[in-house]
Structure formats: C-alpha cells, structure tokens
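Read top to bottom, the protein sequences are chains A and B. Take 3 as the starting number for the first sequence in my numbering and just add one per residue. Take 13 as the starting number for the second sequence in my numbering and just add one per residue.
Misleading hints may appear alongside valid ones.
[Said to hold, decoys possible] In silico lysine to aspartate or glutamate, EDC-like type, Cα no more than 16 Å apart, as pairs: (1) K233(A) to E255(A); (2) K21(B) to D101(A); (3) K409(B) to D246(B); (4) K121(B) to E97(B); (5) K218(A) to D32(A); (6) K98(A) to E140(A); (7) K79(A) to D246(B); (8) K96(A) to E140(A); (9) K96(A) to D32(A); (10) K110(A) to D246(B); (11) K114(A) to E132(A); (12) K96(A) to E231(B).
[Claimed, not checked] Some residues of chain B that are not near chain A, with every Cβ distance over 10 Å (derived): (13) A104; (14) Y215; (15) L242.
No wet-lab data here; the hints were simulated from the structure. Just so you know, even glycine gets a beta-carbon here, dropped at the ideal spot from N, CA and C.
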Amino acid sequence: MAEAEPRQAIVRLTGVSKAYGTVRAVSGLDLAVPEGAVYGLLGPNGSGKTTTIRMIMNILVPDAGRIEIQNRPADAKSKDAIGYLPEERGLYTKMKVGDLLHFFAELKGLGKTEATRRVNDWLERVELAEWRDKKINELSKGMQQKIQFIVSVLGDPPILILDEPSSGLDPVNANLLREILLELRTRGKTILLSTHRMEEAERLCDHICLIHRGEKVLDGELAAIRAAAGKSSARVDYRGDGGVLRTAPGVAEVDDYGNYAEVRLAPGADAAALLRYLAGRIDVTGFALQEPTLNQIFLEAVGGREAAAPAAAGSREGR
Amino acid sequence: MTKTLIVAKREYLQRVRTKGFVIFTVLLPAIIGGYIFFIVAVVSKAGANAKAHLAVVDLSHQVFPALRHELSDKLPNGQRQFRLEEVAATPATLPAVEARLRRQVLEGKFTGFLVIPADVLQSNLAQYHAKNVANFNLLGTMEHGLESAVTRVRLKNAGIAGAQLPQFFATFHLHELKVTASGESKNTGGAVVLGYILGFLLYFVLIINGVTFMRSVVEEKTNRVAEVVLASVDAFGLLMGKVIGVAGAALTQALVWVISLALFAAYAGAASLAAGKAGWMKQVPHLGPMVYVSFVVLFVLGFLVYASLYAAVGAIVSSEQEAQQSQMPITLLLVAALLMGFTVLTTPNSILAVVLSEIPFFAPVLMMMRIPIANPPLWQIVLSWVLCAVAVWLIMKVTSRLYRVGILMTGKRPNLPELMRWLRYS
Numbered sequence: 003m004a005e006a007e008p009r010q011a012i013v014r015l016t017g018v019s020k021a022y023g024t025v026r027a028v029s030g031l032d033l034a035v036p037e038g039a040v041y042g043l044l045g046p047n048g049s050g051k052t053t054t055i056r057m058i059m060n061i062l063v064p065d066a067g068r069i070e071i072q073n074r075p076a077d078a079k080s081k082d083a084i085g086y087l088p089e090e091r092g093l094y095t096k097m098k099v100g101d102l103l104h105f106f107a108e109l110k111g112l113g114k115t116e117a118t119r120r121v122n123d124w125l126e127r128v129e130l131a132e133w134r135d136k137k138i139n140e141l142s143k144g145m146q147q148k149i150q151f152i153v154s155v156l157g158d159p160p161i162l163i164l165d166e167p168s169s170g171l172d173p174v175n176a177n178l179l180r181e182i183l184l185e186l187r188t189r190g191k192t193i194l195l196s197t198h199r200m201e202e203a204e205r206l207c208d209h210i211c212l213i214h215r216g217e218k219v220l221d222g223e224l225a226a227i228r229a230a231a232g233k234s235s236a237r238v239d240y241r242g243d244g245g246v247l248r249t250a251p252g253v254a255e256v257d258d259y260g261n262y263a264e265v266r267l268a269p270g271a272d273a274a275a276l277l278r279y280l281a282g283r284i285d286v287t288g289f290a291l292q293e294p295t296l297n298q299i300f301l302e303a304v305g306g307r308e309a310a311a312p313a314a315a316g317s318r319e320g321r
Numbered sequence: 013m014t015k016t017l018i019v020a021k022r023e024y025l026q027r028v029r030t031k032g033f034v035i036f037t038v039l040l041p042a043i044i045g046g047y048i049f050f051i052v053a054v055v056s057k058a059g060a061n062a063k064a065h066l067a068v069v070d071l072s073h074q075v076f077p078a079l080r081h082e083l084s085d086k087l088p089n090g091q092r093q094f095r096l097e098e099v100a101a102t103p104a105t106l107p108a109v110e111a112r113l114r115r116q117v118l119e120g121k122f123t124g125f126l127v128i129p130a131d132v133l134q135s136n137l138a139q140y141h142a143k144n145v146a147n148f149n150l151l152g153t154m155e156h157g158l159e160s161a162v163t164r165v166r167l168k169n170a171g172i173a174g175a176q177l178p179q180f181f182a183t184f185h186l187h188e189l190k191v192t193a194s195g196e197s198k199n200t201g202g203a204v205v206l207g208y209i210l211g212f213l214l215y216f217v218l219i220i221n222g223v224t225f226m227r228s229v230v231e232e233k234t235n236r237v238a239e240v241v242l243a244s245v246d247a248f249g250l251l252m253g254k255v256i257g258v259a260g261a262a263l264t265q266a267l268v269w270v271i272s273l274a275l276f277a278a279y280a281g282a283a284s285l286a287a288g289k290a291g292w293m294k295q296v297p298h299l300g301p302m303v304y305v306s307f308v309v310l311f312v313l314g315f316l317v318y319a320s321l322y323a324a325v326g327a328i329v330s331s332e333q334e335a336q337q338s339q340m341p342i343t344l345l346l347v348a349a350l351l352m353g354f355t356v357l358t359t360p361n362s363i364l365a366v367v368l369s370e371i372p373f374f375a376p377v378l379m380m381m382r383i384p385i386a387n388p389p390l391w392q393i394v395l396s397w398v399l400c401a402v403a404v405w406l407i408m409k410v411t412s413r414l415y416r417v418g419i420l421m422t423g424k425r426p427n428l429p430e431l432m433r434w435l436r437y438s
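All chains should be built: construct the whole structure from the sequences, respecting the hints.
Okay, here's the thing in structure tokens:
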C-alpha cells in the first residue's frame, strides 16, 4: 500500500494497537497520511478516532506498533511540527485571551514580536480582535472554540491534527473554519481531522480512512473510493409515498429523506427500468445517477463486517 | 528546558497576580509590623519615657541624695524623666503628711509619692503611692533606682566612696564559647531557633501555596487544558515548570516576609537602643555566611520537594475534594520533621541525627538545625542539597508518568495496583 502512495506520507502508523484493560480501543491500525492532504479519520462515536489521535500526539503510548511523523519515530520533539485541537476543549479560563495566546505562541517557540503579530492576525481573522483583553471565561462557547482553534494554528505547523473541529460551531463559524482549512491546504499544510459526520468529510477531505471498533474498514483517496463504488446509486426527488421505492425492481437499499431518497442499485440493475417503474407510481421530480455517498459506502463496508462477525453492539465513549 | 521555563513563568505570574496572594503576602508583614510599631509606641510613650513628678518622704534621712543621683535618666528630648521633691516628715507626723500627699496626688500635683522607712537599709522595703500603680516600666526603674541608691548608701557607710564606687555597679557578662573542630567560635542559643524558623516558614508557605498548587494541577486536568498544553510540552516539562513557578511565587512571598521582618527587627532594635533597653539584642545570633546560604538553598529545595509531592497527589486525584483529602500525609511529613527536631537538637551529631538530616523530606528542617549547632562537615551539607534535588527529579519523573494516564482518566481515585499499572501504561 505504502509504495503505491503518490505522495510522501508525513504521518504513518504501522500495526498500532491500544487497549484499555480488556477493552480494545484500536487494533492493528495502518495509516498513511500523504503530505498536503486533508485527511479524514471517520467513524462513529467510540470507534477509536480519539485514541488514535492521542497516540499520534504522544499523549498515549501504543501497546504495539510504530508511529512515524515526518519519517521519524514520534516522540516529544515531533510535537513541534503539529498543531493540535483536542476533542475535549480546554483553556485557562482565568487568563486573558491575549495572554493565553501569547503563552501558547511562546511554547511553540515564537519570539515576542512574531507572537504578537500572529495573535493579532488570527484574532482579526476569526473576528475576535476586540476580545483580546477579556478573560476566557467571559467568552461564549463558540468564541472559546475559535480561540482553541487559533492555539492549534498559531505555530504555523506543517501538520494540523483536529479532533472533531466543527463540533459546537454554528453554521457561520463552521463555514469560516472550512474556509481557513482550505486556505491552509493551499499553503501546503497537511490536515488530519476526525469526524463522525460523513457529509462534512465529503465536503472537506481528499483522503479518508474509515474506522470502526478500532479497525480500519476502508482508506484511500475519496475520489478513488467513490469511483470504485461506481455510479451505482441514484437520487430520486419525488412527491408521494416513498414506500414503493423499497419494493421497486433492482433496488438494494433505500435511504428515504422524505423529499428525496438515495437509492443503492443492485449489481447489474437497469436504472432506466427503475425510472420507468417509479414514474407510473409516484410523482418523480428529479432523477440522477451518482456515486454513492460516504455514508452509504461506510454503512455497506461496516455492514459486511457486521454480517461476517456479529459483535456485541453498543458504542463506547470517545476514547 | 525553555518550554519548562515558559510554563514556570506563566504559573508564577498567574499566582503572583491573584488577589489572595497579594493580600496575604502584604498583609502578614503589615500586621506583624503594626504590632511591633504598636508595642514600641506603647513602651516609649506611655511607659518608660513618661515624666514623673515624685514626692519622697525619706525617714532614713540618707537615701534621698543617692536616689536623686540614680534617677537621673534623661528623656529623648533632654529633660529629666524624674522630678524628685523631698518632703520632710518624722514617724510622728507621717500620717498627716501622707494624708496631705494623697490629696495632692489626687489633685495632680504629684504623679505619686515614695515613703522610705527609717530601717530601709535592713528591711529593703519602701512604699509607692500613686493613682496608677500598673506602669511597670516606671515601677521597674524606680525599684532599680532604689536598690542602687540603698546599696550606694551601704557602701558609703562601710567607708567605700568616690572613685571606687563605679566598679561595684559594673554589669556582668558571660561569653559562651563553643568548641568545634575548626576552633572555638562564639555561639548563642538563638541560632538553634533558625532551624525551627525555616521549618515553620516552610510549613506556613506550603500550607498556603501547596493546596492551591495541587488544585491548579487538578484543575488543568478537569478543564482539559492539560491536553492542549501537552501538545507542546511533555508531561515532565509541564509539571516541572509548574513546580518551579509555584516555588518562585513561594520564594517571593517568603522573601517579602523575611525582609520586612528584618526591617521591623532593625526598627525595634533601634528603638530599644534609644530607650536603653537593648539587652534582648544580645540574643540575636552572629552567624557565618554558610548558615544564610544554607537557609536559602534548603528553603528552595525543601519547597520543591514538597511541591513535587503535591503535584504527585494532584496527578492522581480527579477532583478538588479528593485533593483536599489526600494532602494530609504530605503536611504530616513536615510536622514529623519538626518533631524529630527535638531529638536532633539534643544530640545533633548522633548517627541518627546525621542520617535523618540527609533525608530529603526532613533535611530542610533538620539540616538547618544542625548547621548552627553542630557545625556538620561541608560534605554533609552539600549531600543533603544533592539528595533533595535528586528526590525532586525522581518524584517528578514518576509523577509525570502518572499524570499522562491520570489526565485522561476521570472518575474514581485509583488504588495502588491501578497506580502501578498506570506507571507501566505510559
């Protein structure tokens, strides 16, 4: 796999495992994040995303396996190359915004003037400049979230690791975050982000890795993954009773959203025949063939595994 | 290392800037200072320096001139403190004279009156009548004056007078000399107190700063900022930085106290010299520079040792309440050191005392006691410093391992087997 990567892997995990007592959080995980990629680590709650990230950050030590960052074994030093936004956010609540950011800037090795410049630039960028002299605990949750994000990018690191970056942000700020991330990508940064929201990953990421119960289900370039799945999916916009979709010929699976449905076609099914069948029964206002959504791909991949090894259900908390 | 210092700087500034810290650091010396000023003011104004106009009934007919000589103390403004007026009386007229004087005292003509009986040279007794008989300074001076006057009269009656007299009134001094390997040296009992002062200073500063420090370690875990900081610094650097920062704050506090106490002592000293009551100053020990150097070094190291223990507890527990409960053993350790001090003081060079004073948890108190009284060889002093530093390093190594696991664990406090597993986890 590794040799096939077109770009150099800047973060690489080989056979990494971690257990908490008898609970296996991550097992035998291989992962290669190409330089300059926006890499999505996807999976439901409790699938091992945060544990994986904490091991990359050298906060947890893996029971087995190797972690390399910039082709060197991960250690305390490799942290300097990484900006990190943890899943559970925390700041020194009694410090002033400016002082706090300066503290983290200094930890990242910035001089005083450079630190001041960057702190000011970033506060401008996220529209919090007038809050510089306020204490953290006077800020709203969303504002604190943005400060937390600034902490991770202040050092201008080549690698950014963001654990659920958009959780807790309203749509406006989520957009702002996306803009900034894309901007950072064009400047050549590598971004590794974890999320359990497939549509977010679909919009942002060019590479993904799906993990489920601590094991990798699927990884690679998003476009390639979707192309491999083929245009085997149809979006049907309709009015009427969507129930007929489930019984229509050539339909393997249906995600019905009420106004439209995403239909997974059975292998070799004839899409035109499906459209003709539906046209006589419900009011079809739109019909488009498309690659399956990540959600469908994920469910299918996981579904396959579940069938092969039905394990006890129930998700663990995000460790 | 630089990162550790950056963490230390933040910790220091955050701590020093809090209202509580400022208030306590300034308030304590202010209270003590105010107390000393008050005492000095009371002693100098209302007591020793108050003027007294006395009537003296001298039935012996020979003590009064000597008394006038003895009670010639001058006030700072150059006036005599005592104005004495002899009132004639015989044993027969005494009741009438006393009645008149009593009236005059009530009218304010006299501060009081002295009655010196005819047999004063045998009885050593006299009477003082006044509205206020609780002014101990005045009474003390008068009593001492009468004693000297009576002695003077006795000597004169024995045929000793003139130039021979002063040598009978010379003050006597005892100089203690301590025999040590490096020769004899001057020593005073006051030096022993230094160990206790250090011990109590340490205890006090730890009680004030230790718990808040531990709370800040716990708080970083509970509000999750630790994970963000750990993205830039390793756990050892973070905790070491915090410990150094809090030690710096404690040292600042201790310095403010010690310096202001020294200033107050100097003030009190100057005031006593002016009032001619500097006897207590002979108790202030004359100590070599090594004692002062050791005091500072052992204070800093001692604080670091105990602060690192607080950090360890903070790393293990997951809530502030637990932290409160778990800190008892640490303070008990310091109390134990103070108690062991009694043994060390009586036999400062016994093997037990030497060994105890090298143990990092006890060294700050016990070594500090031994230095002025037992003159331990240099290697013993330096060894205690080194052992303290090594202890801090080791405790912090273990603590940072516990911290890395503890930071992600919230919930019940781990038991011992779990702690051992934590150590292996990381």
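Each hint tested on the structure:
no.: 1; hint: K233(A) to E255(A); in the structure: 14 Å, holds
no.: 2; hint: K21(B) to D101(A); in the structure: 12 Å, holds
no.: 3; hint: K409(B) to D246(B); in the structure: 11 Å, holds
no.: 4; hint: K121(B) to E97(B); in the structure: 11 Å, holds
no.: 5; hint: K218(A) to D32(A); in the structure: 8 Å, holds
no.: 6; hint: K98(A) to E140(A); in the structure: 9 Å, holds
no.: 7; hint: K79(A) to D246(B); in the structure: 9 Å, holds
no.: 8; hint: K96(A) to E140(A); in the structure: 9 Å, holds
no.: 9; hint: K96(A) to D32(A); in the structure: 41 Å, violated
no.: 10; hint: K110(A) to D246(B); in the structure: 13 Å, holds
no.: 11; hint: K114(A) to E132(A); in the structure: 20 Å, violated
no.: 12; hint: K96(A) to E231(B); in the structure: 11 Å, holds
no.: 13; hint: A104; in the structure: 86 Å, holds
no.: 14; hint: Y215; in the structure: 28 Å, holds
no.: 15; hint: L242; in the structure: 5 Å, violated
Checked against the numbered hints given earlier, this structure breaks hints 9, 11 and 15; the rest are met.
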